[in-house]
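**Q** Read off the chains here:
Number of protein chains: 2
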Amino acid sequence: MATIADIGVAAALNLISAFIFLIAFALLRIQPFNDRVYFPKWYLKGLRDSPTHAGAFVKKFVNVDFRSYVKFLNWMPAALKMPEPELIEHAGLDSAVYLRIYLIGLKIFVPITFFAWAVLVPVNYTNDTLELQKLLNVTSSDIDRLSISNIPDKSQRFWAHIVMAYAFTYWTCYVLLKEYAKVADMRLQFLASAKRRPDQFTVLVRNVPPDPDESVSELVEHFFLVNHPDHYLTHQVVVNANKLAKLVKQKKKKQNWLDYYQLKYSRNNAKRPIMKTGFLGLWGQKVDAIDYHISEIERLSKEIAAERESVVTDPKAIMPAAFVSFKTRWGAAVCAQTQQTRNPTLWLTDWAPEPRDVYWNNLAIPYVSLAVRKLIMGVAFFFLTFFFMIPIALVQSLASIVGIEKAAPFLKPIIEVKFIKSVIQGFLPGIALKLFLIFLPTILMIMSKFEGFVSLSSLERRSASRYYLFILVNVFLGSIITGSAFEQLDSFMNQSANDIPKTIGVAIPIKATFFITYIMVDGWAGIAGEILMLKPLIFYHLKNFLLVKTEKDREEAMDAGSLSFNTGEPRIQLYFLLGLVYATVTPFLLPFILVFFGFAYVVFRHQIINVYNQEYESGAAFWPDVHKRVIVALIISQLLLMGLLSTKGAAQSTPFLIALPVLTIWFYFFSKGRYESAFVRNPLQEAMMKDTLERAREPNLNLKGYLQNAYVHPVFKSDDEDDDDYDMAFGKKEDDVLVPTKRQSRRNTPVPSKISGGSSPSLPETVQEHHEP
Amino acid sequence: MATIADIGVAAALNLISAFIFLIAFALLRIQPFNDRVYFPKWYLKGLRDSPTHAGAFVKKFVNVDFRSYVKFLNWMPAALKMPEPELIEHAGLDSAVYLRIYLIGLKIFVPITFFAWAVLVPVNYTNDTLELQKLLNVTSSDIDRLSISNIPDKSQRFWAHIVMAYAFTYWTCYVLLKEYAKVADMRLQFLASAKRRPDQFTVLVRNVPPDPDESVSELVEHFFLVNHPDHYLTHQVVVNANKLAKLVKQKKKKQNWLDYYQLKYSRNNAKRPIMKTGFLGLWGQKVDAIDYHISEIERLSKEIAAERESVVTDPKAIMPAAFVSFKTRWGAAVCAQTQQTRNPTLWLTDWAPEPRDVYWNNLAIPYVSLAVRKLIMGVAFFFLTFFFMIPIALVQSLASIVGIEKAAPFLKPIIEVKFIKSVIQGFLPGIALKLFLIFLPTILMIMSKFEGFVSLSSLERRSASRYYLFILVNVFLGSIITGSAFEQLDSFMNQSANDIPKTIGVAIPIKATFFITYIMVDGWAGIAGEILMLKPLIFYHLKNFLLVKTEKDREEAMDAGSLSFNTGEPRIQLYFLLGLVYATVTPFLLPFILVFFGFAYVVFRHQIINVYNQEYESGAAFWPDVHKRVIVALIISQLLLMGLLSTKGAAQSTPFLIALPVLTIWFYFFSKGRYESAFVRNPLQEAMMKDTLERAREPNLNLKGYLQNAYVHPVFKSDDEDDDDYDMAFGKKEDDVLVPTKRQSRRNTPVPSKISGGSSPSLPETVQEHHEP
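Those protein sequence lines, which keep their order, are chains A and B.
So for the first sequence, full-length UniProt numbering puts the first residue at 1; every next one is plus one.
So for the second sequence, full-length UniProt numbering puts the first residue at 1; every next one is plus one.
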């Protein structure tokens, strides 16, 4: 049993290590040669050039202005200074709203922590139950003295916990409701923002029925000319360009190799580079590498041209889906929200995702197939959650000494070496589990893709909810009740509905110290690691050293990364869950949660401003999920408190808790009805207002020209074939269309824009602090 | 324990009594003086005149054509003869689809019965488990020998039941899916039927936000002129005319009394009728009844005029809701399906219910209030279901001799009389429960009204689902596991999720004979009673004898009644549940279910053709509920079979059943996604097609004039004030607009319409069979 002193030591250690990380970060980030690692976003936006262009040689690599070392924590206020409207313009609404998750963590838990310490800690502490038990040789730590465990059975003091449970629930719901309203408002404002965007006018139509007499394109045109005669403008049929995209990717890879060999040759003119054509260049025929790659690229270029031709002309490559654009936002909003034909599985219309957000591969899956895929993935996820230990245990048994000797007897002499033996015994079993957990988000993402979602944002949302369930079952419940998930499931099936919360509730106070440690190691240290960006740092310098020849190469060597909603959000939710569950039970845990939320908020705000490059913009479409999961955590905490109290003999007071989950569930449906549609539907009034404004401002706008190519498959986008890498096509060519940043506009107009007002001068500090010493 | 012979005797008795009912019905219905009791629908449609108009005096009252007595069952084929399209025209889609519920009962259970008897009965019968147990003095009946109880524990024969469970599930789902498709098709066809109807063009707008500068009417007009500029036509603001309606009703009542006294006076001119003005005419001032009523009516007329004035002008009487009509069906379909403003709880648009279907009182409830009402009613219904025995037990204890003597000691001498005492002891406690059960549908309807639904059809649907839950808990579970619902709930809470199906499953075979008796008494006899229409028969003749003076009075004396979905459908669902649960357990029960469905189908078809007068037409909007409840029954049956088998030691085979509920739930979501939207949304293609057709056919249609008064509160509808009773206004003045019958058109065009084709001549038989002998 850990005492408060133990926890204090652990906290100090974790804080020190986090501090070391921060100092390392502070030192590394102001070195010019790391500039592209720590400020990639500004480069991608074209607002920052390599510092290597000018100045003395040393200055190119090392920051010699020692004053900047003194202010080594000044990134924190800098990160906090950018006002939210500017942040939305700079990084998109998704990122800005993602930050608000940490913020509501603070909003919820600051008052809860205060009241829990002001009310519950004294109530718990002024008992001597645990002292008495100590005499009976029951072990307990000082933390438990601050927790509900210290209250004797059947005490009237449990009323304090019940009242506080009501207060905490009320406060959490209040914050959630306010926040839902705020985010819904931000989303609508964002969608109705002054800029024209192709997805405002466009609807994705799927499951176009086959017609023997007409091509898909004709069919779509006729259908919408008939059924939306006043509004239909144009459409873009979806083609199956997956093979083409693959060829282009191959060509790009060969081109890279060619560059590499040419570089090698230019350095050492004496010897033409030689390579083998077989697997990984390990065997096969020996050929001249440069010639080989030139011929390969030529072959691929021809194939690409042929494929490009066939994709456009072959009716089989045309998928029964299309992006249909309308003359007005109103027309698109109407089409997206209505049912087109009697058969609700044909001519499915949905608001088109932003072009960057489209997941092209899934656009042509018919309804029945979707339903079957959903079922299969549901069953698969169930087994993944509850039985994932079985294959891992198998691998682990194989990875044991005996297992390996059995499977591959010829390895026996090597394995018997003492050092190797200990490595195998010590690491392999753990590595199997670790590998699985590392690949879990990828597995979940593949499952979501199989389910047939058509936008990257919905793929990530789906993966996130599955990951959350996995964490809930295997991390939260798994830590509280030992045993594999399946054993838990089995025991739950054999327990009564009354007993399950009791079983878990009783174990809750005991596990407080474990979760405190978990928060420090996974939360605090994890975030400090996030800001240091060790992996991108190392990879960038490696690439820079080995491959980079031109500015363009250097650009590609940057790995900005992005907020990955599918793994990040479920992890935050775990902290909400822990905070809410322990708020009434062991308030001692709450400050640790607070530190996590505060620290994470600052770090991620910095990362969003300077590093991450979002792949898409969904307009905060994930918020209903976030809201729902916090409410789930709230209900779990209420049920567990009921279970715990009922074992404490507080039979008198426990029934007063029954209303809580009922009210919370009601609150969920209330808030869902009130705000969810802002994330699903599109108000006509807004659309009409925008249309009218635009008509007045730009009466001669050529909308057809504007929309013509907005939803072309990325492979067809660029004319320069060497460039048509996905990210580039999206990141660069669309950026100016999609999420314009103020920086860019400032280039043309030197006066500061109105939104940021007086605070905008704060930004150049971050950007230019080591350019103008 | 009932043997098969016992059941046979009971069945014979029930059949004989049903047969007697049928003979009574056959005799009564062909007497001309009962014509208005057994054929009110034809009168209400104006297609049949009183047979009293012509012929000999005797013939007016008694049918003297003895040939018609011989064919006393000929109503049955007559009822079956009317083809479905004609039935829809005649009685509306709701009624026609309601009949299909019985039909799918037959479709599901005929093959199931056949296979259960062909496979399961032999499998069960060729064991001697129960024979052996009899030696051990365990009682069992012959019915149990045909049931699953006769199979020894751990037998391999359970595989037969598992395979059949799969087969039955597959078949049920198949029939349900086919039927869902069929009904969805019928609904869309009906909605798109050739006739123009006001609700095709109209949308109900609720929660119009208050505006200080504009009246509700101006606000609505401006909003829709701005946001639906090309489609908005006109609107009708909803007024709070509840007080006016009350006054009109009062006046009508007084008018009735006036008629009564005038009649009395005309019969006996000697004495002016005298009445007392106080409560129920029992005390108060004595006045001349005719003069009093004339003056009262005058006063009310004035009040009505004043109220009518004030309702139209007083801004407080204007509710923030309106019926908005559009120029095209397309415009209305678009508006009904889209969200209008950023705030999803303002400007709520919904497809307008048919004018007859509107529940006017609930049109002005704001969103928050709706959410709170829903919560309150949810909690109230929970207590009603699980704790309804508590107040009844209280009443019962009060209604006992001791209770009454305590509460009202002065009654003691009366109560102590032996006869009265035995009445009180024997009847009162039972009557309390009976009264509750009789009033339960009314209570549920009041709860639904409080919840704020805006159409009668949705009120009935809501009441139906609550009634179903009540029946499920208190009739089905209550019969299987004795004890009050609350005791069951308590024991379920204390049992594990595994044990609940076991507890119930084990009791299932034992209760087979009980449910067979229940089916015969409640099902068979109940339906035979339905066709005899004893209550309307008696009331009609009483009224006819006492009150009727003119043809109009006679019309009003008719009580056609209607299919009451809120009580009828949940009862049918109980038979689905019983059939599916016992299909694999005790196939002996299945033929009884079959007889019920077949008999009920014929009887209700007859009633719908000749008697019932539907109050509204919802276009079969209830079908998704029917579908859902059959699937719930299916899942319950699967879980109970799993529970039963697991207690039978069939541990090997039981796991194979787990996939069944998973697949069934998946099937539910699949079919819901596939067809439900046909009952909720309105395809634009259909609307556009209708619009185009209409524009071509009637280019000069004055739609505004047509729609102007369609959604006026019924109180304002009639010019003849004496007539403005709700039912009359709806039943008569709208009928020709809303649900046109072919009869009517045939009056003008003697050639049969195309739809019914050759089969149409069959109908006059039913109608005119005793007019042309």
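Source of the hints: derived by calculation from the structure; they are not laboratory data.
Please note: incorrect hints may appear among the correct ones.
One copy or two, it doesn't matter: identical chains are merged, so the pair holds either way.
[Said to hold, decoys possible] Computed list of lysine-lysine pairs in DSS-like fashion (alpha-carbon distance at most 27 Å, straight line):
(1) Lys418 with Lys249
(2) Lys286 with Lys302
(3) Lys286 with Lys672
(4) Lys327 with Lys449
(5) Lys672 with Lys628
(6) Lys316 with Lys672
(7) Lys690 with Lys327
(8) Lys511 with Lys628
(9) Lys628 with Lys249
(10) Lys264 with Lys502
(11) Lys502 with Lys154
(12) Lys374 with Lys178
(13) Lys107 with Lys672
(14) Lys704 with Lys271
(15) Lys672 with Lys374
(16) Lys182 with Lys374
(17) Lys302 with Lys374
(18) Lys690 with Lys107
(19) Lys412 with Lys690
(20) Lys374 with Lys418
(21) Lys374 with Lys628
(22) Lys254 with Lys264
(23) Lys449 with Lys412
**Q** Which constraints among the numbered hints does this structure fail? Numbers only, ascending.
**A** 1, 3, 4, 6, 9, 10, 14, 17, 18, 19, 20 and 23
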